[in-house]
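Colleague: Given next are the chains, with one letter for each unit.
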Amino acid sequence: MNGESVVFWITAIFAVVGALGMVLSRKAVHSALWVAFAMVNLAVLYFTLQAPFLATTQIVVYTGAVMMLFLFVLMIVGVDSSDSLLETLKGQRLLATLFGLAFGALLLSGVASTIALRDNGLDVANGDYGGNIQGIAHLVFNRYLLAFEVTSALLITAVIGAMVLAHRERWAPRKTQAELSRERTFTSQVTPLPNPGVLARHNAVDTPALLPDGTPSQASLPKQFRETSHEDEAAKEVTS
Amino acid sequence: MNPNNYLILAGILFTIGAFGVVVRRNAIIVFMSVEMMLNAANLAFATAARTTGTLDGQVAAFFVMVVAAAEVVVGLAIIVTIFRTRRSASIDEANLLKY
Amino acid sequence: MKPSFEYAALAPIVIMLTAGVLSVVIEAFVPRTYRRGLQLPLVFVSIAGSFVYLVSSATAILNGDAAMTGGQYQGLRQIAAGGSVAIDGPGMFTQGTLLLVAFVGALLFAERSVDPQGDAFASRASTLPGSEDERQFTAQGWSQTEIWPLFLFAVSGMLLFPVSNDLLTMFIALEVLSLPLYLLAGMARRRRLLSQEASLKYFVLGAFSSAFFLFGSALIYSVAGSMTFGTVATALTDTLQDPILLTGVGLIAVGLLFKVGAVPFHQWTPDVYQGSPTPLVAFMGAGTKIAAFGALFRTFYVAFGGLRWEWRPMMWVIAILTMVVGSILAVTQTDIKRMLAYSSVAHTGFILIALVATTPSGISSSLFYLLAYGFTTLGVFALVSLVRDSTGEATHLSQWAGLGKKSPVVASIFALFLFALAGIPLTSGFTGKFAVFTAGVEGGANALVIVAVVSSAIAAFFYARVVVLMFFTPETENTADVVIPSYFTIAAIGISTAVTLLLGIVPQPVLDAVVKAGVFVR
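Protein chains in written order, with my numbering: chain A, 2 to 241; chain B, 1369 to 1467; chain C, 111 to 632.
Only chain A is shown next, with the shape it has when bound in the complex:
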């Protein structure tokens, strides 16, 4: 057993564990961490496959950028998110498991029963232009030049997409502090609204504050807890 086999068997097992962890974790965050773990192990495998450039890119792009983006989104959506955004179907899990097993058996039998691939090694190809990166660069900027150029369209699309779906614009100019204070001064309620629970028996958010004459003030409550059916009435109460 040579060094490559040792590295392969350790990282291969880790990678499979990482992939299984991703599928079996209940929480999305755990899944993301398992994926990152599997990806780092794949990066090690790229080194043994004589692909140092890919190994580095794998760590920088996949674990560094892609998975961190996933984690960012998980923080936006909520770390505990386990809500389903897709529809549920009856018996889908069972069918899916069967499908997965059948597909895996088919794919692996196809891959495994093949005649042993010749191991040509990349020493010649890497040597042609003085190294792995030079060789890749030669291909990218000659043979795959069109693909490389077209990739830019992809990146622009991604940027536009993120802007269109996530960038919120204002439909009116933002009010300055001077305008805000002026507006406020011309209403009857110059001081802040009474806090919920002030001068009342409880200090819970849904308990209205009592005014000096003893009547409860709906204006002290958050909108959701006000008794009045129309939101506008509470606002009127403030302004009148």
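Some clues are possibly wrong.
A few chain A positions that, by computed beta-carbon distances, are all more than 12 angstroms from chain C [to be verified]:
#  : residue
1  : Leu21
2  : His31
3  : Phe48
4  : Thr49
5  : Thr64
6  : Leu102
7  : Ser114
8  : Leu166
9  : Leu181
10 : Ser182
11 : Pro213
Residues from chain B shown here face chain A by an in silico Cβ test under 7 angstroms; the list is partial [unchecked claim]:
#  : residue
12 : Asn1372
13 : Ile1380
14 : Phe1387
15 : Met1400
16 : Met1404
17 : Val1427
Bear in mind the hints are in silico, worked out from the structure with no lab data behind them. The structure presented is a predicted model; accordingly, all values stated were derived computationally and were not measured. The C-beta atom is built at its ideal place from N, Cα and C for all residues, glycine as well.
Model the placement of chains B and C on the given structure of chain A, informed by the hints.
Modeller: Chains B and C only, in chain A's frame:
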């Protein structure tokens, strides 16, 4: 070492990823499973590059990473939009009906 | 060494990509109120310019006038960009069809007077549906002009997809055409929750299928040592029975069949067709199918041509399933867009017959069919966008009852398109089906043609049902109204109607052209 082992590993990872896509219902985890499938394809490409002695496979894997990065941006943007809508949908129900 | 980049051969793609980048520049630097005024000319001029260039260079080649393109062509067959692109007859014809479809699609995108609020896309896609922000943006008449760069990039991807000559370029073209469509699918002005759900489903399943395509490419490459179709084809003749090869072919087939919407990879079609903005459905339904079939034919004829005895049985089964399932499920639908989605699935099955034929007439008949089908789809969805009630488009079939009395013109043109989809004589659909079935018989797929005729009969039933509903059912208070569109949609419907009728009545010039287009370059 027989390079077929790498291909078999890629096949296993691909299958696990495909399994995750059909079994999990959280869109983000489904999407991560797709990423796992792309990674498996990359491993297969890198293996094939070594067995055939050409660098095309490594270039392909490199392009796949670029594509995956763009795809992740678009996919996560869609998921975030849906999440914002659905969460607020319950609060804004009255508004929706008025429309 | 200088990379080879044949601008003359790649010009249609380069023009569209450049237009896309210019469109982004407009978005970045031009004040909001002037953007639409600049985007529309850019889009129409670039598509028209690309098309005129394509046609002129194709005719120049066909007439033997090689001097015009710098003498680089050897007939209609050229491998360009270092082997990434194959410019040949079928490829150029597909590109031409796509540009025409894109032009009409752009007309539908530009329509603004069908919906009182503006175009079919959300005023701001980032606002929450039903929120105060959305109301304000809509009231102030904002519109999302970013749809135009996305549209142009989608067109560029579509142009590259059917002429890609290696698996890697094909994968990237696939993504370039898909990503903008995923985004546009989620941007409907009305019923945005449905639209966003459609977008998510389209995206997840699309990414899923492209992973299959990719893994298949890796397996093929591990055997052939190259991803270029010509080299793959040569390498495959030596290693015919290798199981890894068949696995690879199968996985690539999954990826491509998903894009054309073949059973059992069709599940995204009804949801995406129903939820997405209708102009997008028209453009995507026509364009994606044309581009993906172009790529499917090239992959299976050029790269896997030597394996045809291995993949033909698989395609037989898929073609039969697609035709039968598509036709039967369409009968049970109550939503017009869903029904048309299943009808598109059935049509995929018909075109697969041409694939199974594996003859030159298979290629030419599919080219004709795709041209005819593309315009019928555009026309049918353009009309769907006109039938509305107060909440937006009226897509439930019950709302179409008695439409023939309310608006005889719209109902008649819609009936014409339905006849074309059903394949009634004197419409383009008949000529297309006839060509494809003939090719199928020539290629020895008699059983497939019989199944196709039977499922055409089933399909004719549900098309006829809509016609009966429109003309012979009394109007109810539920019946939707037909709005009068601006010249954009009128032009789109006019072009589609003209093409549908011309290809049905005088199809010979186009039939000659698709035969002249010849076979794929290897």
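Colleague: Mind checking the CB of Phe1387/B against every CB in chain A and telling me if the closest is under 7 angstroms?
Modeller: 4 angstroms, holds
Colleague: Quick check on the hint: Met1404/B CB to chain A CB, less than 7 angstroms?
Modeller: 6 angstroms, holds
Colleague: Can Met1400/B be said to touch chain A, with a Cβ gap under 7 angstroms?
Modeller: 5 angstroms, holds
Colleague: Is the nearest CB of chain C more than 12 angstroms from the CB of Thr64/A?
Modeller: For Thr64/A, whose nearest Cβ neighbour in chain C is about 19 angstroms away, the distance exceeds 12 angstroms, so it holds.
Colleague: Once the shortest beta carbon distance from Val1427/B to chain A is found, is it less than 7 angstroms?
Modeller: The hint holds - Val1427/B has a Cβ within 7 angstroms of chain A, the shortest such distance being about 5 angstroms.
Colleague: So Ser182/A supposedly isn't at the interface. Is its beta-carbon more than 12 angstroms from every beta-carbon in chain C?
Modeller: Answer for Ser182/A: holds, closest chain C Cβ roughly 23 angstroms.
Colleague: Can we keep the Asn1372/B interface hint, with Cβ of chain A closer than 7 angstroms?
Modeller: 6 angstroms, holds
Colleague: Over 12 angstroms to the closest beta carbon of chain C is the bar; see if Leu21/A clears it.
Modeller: 18 angstroms, holds
Colleague: Would the non-interface assignment of Leu181/A survive a Cβ cutoff of 12 angstroms against chain C?
Modeller: Holds: least Cβ distance 18 angstroms, greater than 12 angstroms.
Colleague: Regarding the assertion that Phe48/A does not contact chain C, is the least Cβ-Cβ distance greater than 12 angstroms?
Modeller: 19 angstroms, holds
Colleague: Quick check for students: does the CB of Ser114/A sit more than 12 angstroms from each CB in chain C?
Modeller: The claim breaks: Ser114/A does not keep its Cβ more than 12 angstroms from every Cβ of chain C (closest is about 5 angstroms).
Colleague: Far enough from chain C: is every CB of that chain over 12 angstroms from the CB of His31/A?
Modeller: 20 angstroms, holds
In summary, the structure is inconsistent with hints 7, 8 from the numbered list given earlier, while agreeing with the others.
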